[in-house]
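Next come the chains, spelled out residue by residue.
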Amino acid sequence: EVHLVESGGGLVQPGGSLRLSCAASGFTFSDHYMDWVRQAPGKGLEWVARARNKANSHSTEYAASVRGRFTISRDDSMNSLYLQMNSLKTEDTALYYCVRVSRQCDFDYWGQGILVTVSS
Amino acid sequence: DIQVTQSPSSLSASVGDRITITCRASQDISNSLAWLQQKPGKAPKSLIYAASRLQSGVPSKFSGSGSGTEFTLMITNLQPEDYATYYCQQYKDYPLTFGGGTKVE
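Just so you know, the protein sequences line up as chains A and B, in that order.
For what it's worth, this note's numbering labels the leading residue of the first sequence as 1, then goes sequentially.
For what it's worth, this note's numbering labels the leading residue of the second sequence as 1, then goes sequentially.
To be clear, the hints were calculated from the coordinates, so they are not data collected in a lab.
Incorrect hints may have been included.
Listed below are the simulated SDA-like cross-link pairs for lysine to any residue, each with C-alpha atoms no more than 25 Å apart in a straight line [said to hold, decoys possible]:
hint, chain 1, residue 1, chain 2, residue 2
1, B, Lys92, A, Val118
2, A, Lys54, B, Pro95
3, B, Lys42, A, Gln112
Which residues of chain A face chain B? A few of them, derived with a C-beta cut under 8 Å, are [claimed, not checked]:
hint, residue
4, Phe27
5, Pro41
6, Gly44
7, Leu45
8, Trp47
9, Glu61
10, Ala63
11, Ser102
12, Gln104
13, Cys105
14, Asp106
15, Asp108
16, Trp110
17, Gly111
18, Gly113
In this text, all values refer to a predicted model and were calculated from it rather than measured experimentally.
Every residue, glycine too, gets a C-beta built ideally from N, C-alpha and C.
Chain B on its own, in the form it takes in the complex (with noise of 0.2 Å):
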């Protein structure tokens, strides 16, 4: 199975910040790579895909970069609607994983 590493696990963060997660998948994974967004009692909604790639109306304060084993999710000018546990997740192989989450307060 590919592992899919995930660090800080949280992160303090205030308002008008810009915060970095990143991912680290245990194979090279090309880009397949989403990033999703959890917030509290929430489904999760997706946020990137192929890595770097905006789902449709997700704003460009969000980005995501990186190939192979190494990913990063950038967040700038970070506000209160942002403050949520960020997921990454593989897709180049079954079974599909996720990063274990990184919860940002």
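Here chain A stands alone, though its shape is the one from the complex (with noise of 0.2 Å):
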């Protein structure tokens, strides 16, 4: 069974960093591309990155909302997906999803979520 779990979330002052963490289990990570999707509070859904798979030499695509403030990166043989958070604003509070692309390119698998509060 798929399994997502999110951790390293928090409250963060304006301007600070934040690492998220993203543990796999239950099916081959090395095979799958993983993204990071965010929710603020009583909102709809946000894209904010995707790592590839190796094959595809671990490349990296962000939303233009957080390019050059986040950086996300996975370690395979950790089975584990990151999201390192820079130059937070107050517009980043969130809750942020991990999730599973399939191969055929849509998101099949999500975590629980991970609150991120941006806040002074």
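Taking the hints as your guide, dock the two standalone chains into a single complex.
As structure tokens, then:
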């Protein structure tokens, strides 16, 4: 059974940094693209970033709203996905989901989410 | 960016009803569209991919159709567990984008 468990969230001041982690199990992690998707309180879903698999050189994509501030990475040996978030803004406050991308390129499994609050 | 517009933003329905939600993309996305269900306090759950293919374990009361720019999610025989917010999402091009959601109440 696929499991995705996020950690590392919390309260941080504007301009601060935070690193999210996602521990994956129940599937061959190295085969899949992995994404982060976020949801501000009471709002809709926003795609944040993608880390492709080793076959695609672990290349990355970012939403314009986070490009240059956030860095997605992965460690296939640890079955883990990461999101390094720098220069955080109040508008980055959200529940952050770790998401597996299927071979059909849609999102087929979601973690339970981890809350990031950016506030002074 | 590809804009994805969902309608209606909310709808009121009764148990046993059949409901339809529409999603429009700002440009041709072929069949690169998914539908997700989110219940309060829970993570989204994938229902449909490639516009019309059901994810494993999703009941056949859910169906998707469309291609290009117009897509539809239909839910038949609405049950209490179906009351949720539904999102469409395009994965044709970056940035990946979601519709604004339809709350079924």
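Honestly, which of those hints from before does the structure not fit?
1, 4 and 5
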